[in-house]
Amino acid sequence: MSLVLTEEQQMLKIAAKEFLIEKAPIAFLRKLRDTEDEMGYDPELWLEMAAMGWTSLTIPEEYGGLGFGYVGLGEVLEETGRTLTCSPLISTSLLCASAIQLGGSLGYKHQFFQELIKGIVYAFATDEQSHHDPDYVETKAEKAGSGFVLTGTKTFVLDGHVAAKYVVSAKFEERIHLFVVDADAVGIQKERIIMMDSRNSSDVSFEKTPAICMLSGAEETYHRTLDIGRIGLASEMLGATLEAFQRTVAYLKERRQFGVSIGSFQALQHRASKMFCEIEMVKSIVLKALQMIDREDENLAIWASMAKVKAGEVIKLVTNEAIQIYGGIGMTDDEEIGFFIKRARAAQVTLGDYNFHLDRYAKLHGY
Amino acid sequence: MSLVLTEEQQMLKIAAKEFLIEKAPIAFLRKLRDTEDEMGYDPELWLEMAAMGWTSLTIPEEYGGLGFGYVGLGEVLEETGRTLTCSPLISTSLLCASAIQLGGSLGYKHQFFQELIKGIVYAFATDEQSHHDPDYVETKAEKAGSGFVLTGTKTFVLDGHVAAKYVVSAKFEERIHLFVVDADAVGIQKERIIMMDSRNSSDVSFEKTPAICMLSGAEETYHRTLDIGRIGLASEMLGATLEAFQRTVAYLKERRQFGVSIGSFQALQHRASKMFCEIEMVKSIVLKALQMIDREDENLAIWASMAKVKAGEVIKLVTNEAIQIYGGIGMTDDEEIGFFIKRARAAQVTLGDYNFHLDRYAKLHGY
Amino acid sequence: MDQDLNLFREEASAWLEKYCPKSMRVPILDQKEFYWGGRKSTFDSKDQQIWFERMLEKRWIAPHWPVKYGGGGLSLKENRVIEEEMERLGCRKPLLSFGITMLGPALLEFATEPQRIKYLNEIVAGKIRWCQGYSEPNAGSDLAGLQTKAEENGDYYLVNGTKVWTSYGDKADWIFALVRTNFEVKKQEGISFLLIDMNTPGVSTRPIKLISGISPFTETFFDNVQVPKDQLVGDLNAGWTIAKYLLTHERQMIGSMANNRRKLSDIAKEQLCLKNGILMNPILRTEVARNEMDTEIFNLTVTRAVDEARAGHHSGAVSSMFKYYGTELNIQRQELNMALRGSRGLEWESEASSQGFEARTFLRSKGNSIEGGTHEIQLNIIAKQILKL
Amino acid sequence: MDQDLNLFREEASAWLEKYCPKSMRVPILDQKEFYWGGRKSTFDSKDQQIWFERMLEKRWIAPHWPVKYGGGGLSLKENRVIEEEMERLGCRKPLLSFGITMLGPALLEFATEPQRIKYLNEIVAGKIRWCQGYSEPNAGSDLAGLQTKAEENGDYYLVNGTKVWTSYGDKADWIFALVRTNFEVKKQEGISFLLIDMNTPGVSTRPIKLISGISPFTETFFDNVQVPKDQLVGDLNAGWTIAKYLLTHERQMIGSMANNRRKLSDIAKEQLCLKNGILMNPILRTEVARNEMDTEIFNLTVTRAVDEARAGHHSGAVSSMFKYYGTELNIQRQELNMALRGSRGLEWESEASSQGFEARTFLRSKGNSIEGGTHEIQLNIIAKQILKL
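Chains as they are written, first to last, in my numbering: chain A, 336 to 702; chain B, 336 to 702; chain C, 336 to 724; chain D, 336 to 724.
FYI, nobody ran anything at the bench for these hints, they're computed from the structure. Built from N, CA and C at the ideal position, the CB exists for glycine as well.
Straight-line alpha carbon distances no greater than 25 Å define the calculated PhoX-like cross-link-like pairs of lysine-lysine that follow:
id	chain 1	residue 1	chain 2	residue 2
1	D	462	D	403
2	C	604	A	698
3	D	381	D	428
4	D	544	B	651
5	C	428	C	381
6	B	651	C	723
7	C	610	A	698
8	C	610	D	604
9	B	609	C	723
10	A	588	D	723
11	C	564	C	462
12	A	651	C	544
13	D	403	D	393
14	C	462	C	367
15	D	579	D	484
16	B	588	C	719
17	A	698	D	610
18	D	428	D	403
19	C	428	C	393
20	D	564	D	522
Label-pair ranges, simulated between beta-carbon atoms:
id	chain 1	residue 1	chain 2	residue 2	range
21	A	471	C	642	48 to 56 Å
22	A	356	C	539	33 to 41 Å
23	A	554	C	424	58 to 66 Å
24	A	365	B	471	54 to 62 Å
25	A	591	C	401	42 to 50 Å
26	D	642	A	353	22 to 30 Å
27	C	634	A	698	33 to 41 Å
28	B	596	C	580	26 to 34 Å
Listed below are several chain D residues computed to face chain A (Cβ distance under 8 Å; list not exhaustive):
id	residue
29	614
30	620
31	722
My request is simple: use the sequences and hints to build the entire structure.
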């Protein structure tokens, strides 16, 4: 497989870019934030995204999806990174749809995929502490009649307050499995928490809440879902990095000080050149990792950690440098560049920061 | 105590500087190296150093020393760092004399200090592996008559092949003690190893070798001696850093490319400015740590680790940058700047590199 | 002499113990507990007023200023003793004032006697709150490129232009500003230093919102503002000298402000697991150790600079080092604080996070390497003034 | 087409298996096992000679060069297949040659037909060993500032000046050199590209010793050297174009040479203790992981660039990125290798250390960010050519 996009993938990417620039530029995020929107996303826009086919990209054709694959979804996510568009695409299509694809029975796939394609919001609930640790799951599943009930508390549940269903990790007989839960089932309490990036997160607790089905594959499904999520996030982070860098380079050319453009200062040139190199590295590992999802590669864990480390380190570098190079103007809320550093930090923490993944990379290589 | 040198300390430093520039500039080290000198140091120069009082600086007046203190010895070591002068000053005066001062009985102090002041070479033997680990001592001491015999193998023994005596760490009854051993005693085998910095190191093994006395204080003496050694080394490293930086700044002004001095390039200016700041930090911690030896501070371990980390990180930065800024010329053996990077690496490894000491700093602070 | 100082210390300590109200000896929890003085301010509490008035009467608001200007006429060493004792006893500052920390030193150095008498006494008495008008929208790092102009017109200057990054511009009564009075010469040589009453017609402000949320900064606009000529400090077109003098002051303040905070390693111990007394996240442990060690060493370096200054060695450009290095350590610290807190650190509008205190502090810290002269400017100054490159 | 290529691969593989002597399929242990050709060289072994002669006869010394120049007339894809199969089977290169990797491409692009016929055939046949004369003592990064001059004089140029960093200057037969032929114009516009026989009177060399010990480099001196005019390549004063073309080639070679080495983590496992399968030095563990990961990602990026070039996207300046990033990774790797080996890594003249192999390799790596255009030059190129700053 060549490390370049196919023509179809390229076309999808361009269509996504045009759609997002028109419908959901950063001004759109600002408006959601400043109007203190209760949903925290725009349901109409989300339905348009579904109509564009984005919720169907990774769902196999036999279930009504497009079977386009994860490179496609990754390219769309990259474009949402450029415009910092918030939508349930990560929680619903990247995480929950993947979990169901990997672990759902035939019947459940038919049932859930129909909803997912339509844009019904699903949220993925796994973290129980402020630091991502996939092995730390205290939420318990118990048999109850023909199904299960869940008890436990989850945190950092993206889109948790607007989801119709949750995919939840819980322990049953000492192993971690994934369960699907109706958001209006008994025993659920949720608290919306607005994060630095103006996106939605929730604390969600379950008290003997009926879990309507159990996905097969157990821990493998769980870990692979997380890895897919990490790679998709890395792709979104790459998009945000590219946009922040592009704006910064433009600013270097435009902003004048001491009678010259600040881009003529060698110290800034060298820093920009180093960022350029680092971003090229992120492009390579993100595309490779996306391809490896589609290839059903066995070492996805390694590719996912590599992508998340590199994307996380580089977005931190680039957004910090962006503010520094914009100077005082970059510190003001009026200027859009500040939105990038906020999303950078939130994305970096989601599903494990670069410290977590660098450690995991070493472990996976036996040292 | 003010963080500045006293007038007396300042005078000692200036005298040392003048002596070393005249008698032992870098050309002197080059000559020792290129003539493949068997001793690896110049015994005559060493006797002159003793005559200057450098071997007496830290020895109390009641034993015929000057009682000048470790700030004084540190300033002399800093100057030897500038000229990269190799001599037994570190092994003999910094390490072994300190061990005897901390742990020797009255009688042994009289006996050994007399030799140490005269410039009889003593070597300190503790490492047993390629990575410094003071708790890893497999060399054993056993009672034999009124004394002891030692069995074990030491490595990285500075000046080990020319020493008249060794101060050796060994385990007796599960605790580490220091022993003094004659270099011509039975059971000793030594192999000289010339290191990257053209200085002397040896592997030394003992096989039931009589150890003529045992120092009191046990582990406290042992660890404090190491800490004094680390601080003295940091002082030498500061001297080498200052000299390498001074030469590099001069080169920045002198070397012309593209019709201007390369020091006019902003990217190089910023790197030079950052080095300047880092070096100022090293100056502070080295002087503070030296003062803390003289004050017999209880937390010497922390000061020693701080000094060794900062001096180690900064000398690495500065010598790497020096070569890069000198360019191709810096890579040639004809140019003296290359000698600094070689000494930098050896000093950095001696008695624990910055990784070892950063870890130790955290442990000492309880995390 | 040192004996005298010890005596003075005992007396100062005893006085403070006796006259500083208990409530003025607990840490500040809310910005409004600071008293800034000025026409628009009131006291937040009776104790705050008592404390200010007692210190004013004792002449310890600006202990080392001459008595005729409202000061206590004490030596710098005595002044330092009072500061140390107040810190030791936890006494709050009776008055926070840019008049004392920034404008005052410039007036003492450059103003006429009538100006000193008037303005310094007002400052000490807390009557007038000052703000600083230096930066402009199109002259960030290139401060000397400022374009706000003051034209001579009879007995006043006519001022037009815009300033940005005025701290508390909306709360201050007067502003000390750099203005251009000559467009024909080298940019540094056409700048003057003016004092302007913000009640003068034509002065207005607009708040600046930062990425961290609201901020103390404003933009300040001058639209045909008439400023009497006796409000010029120093000679016409000699304002740049005053500005440089004050910038050096400011840099030292910003660089060394990073004290009195929780130890990062204590936060780490609280946020991460320990195993056998060692933090389980080895990467963060290393970074925390490096930041703590560097901070300790930085503080030693500040001490060393003070000791060297006492011994007669002093370099103005070293303030650039402190500004650069000190702010950089704080920026790294804030990065680490965020890493240590994980997803909880991201919270922005929850009660548990005190409305995103950590996240906002983190974002605010990004400005440290910009305000008061950017990192790049400080590194330029070190290269040019110290290394002579 | 791809089917044809597969067939070609099978045939190539079979031929190599059959004709490459066994001893030519084991890794090189000593520099002298490389065959460089030229007047002064002899074969190190019978097998070395057999292998060279078979490949020469097969026309696979430069498989993709046209047949009339001594090549095999194959396509670039076929050429790549041969390289891949040789790598897979562990076949040594039959001839190492700057003539093939550096001079050849320039001659193919810029030389006259008689020049190509003569020089390319000599290169392929291993008759002439070439070296490169670019750098000068006073023109390091400022290559175009070179001062070695060539003055027209009847049917020859009179060359005077000094070159440095000539790789194997003492072993080569001819040198391709940049010389100044016009001092009146912009420096890039007065440079020409000359081929010079090093047997010509007035050419001499002196070895350069590096901080790592002896080196392949020499200084090369030209003292009134007469060079026939037909040894000029390209137009007079148009040498800079050729130089830039070749520098891009060289950068790509240097940047991507960092392969076929032991994994750093394997060295770490050998040199440090493991506890529960985890390296006990957490700081080095992190740095090793970062270097390995970055190296993997760098290699992916090389692959991506090749794939993109195939898809028709190509940027010359990207070679600066590979040079900068690839050498930086190697420099970091060498730093880590030293840290992993502790005091044993410092040994310089012991048998156990193979006469300081690790320490010397470490020191030598410091030159990677200088030779072939310094890091600073590469970053300048990226800023100017890609980012248009």
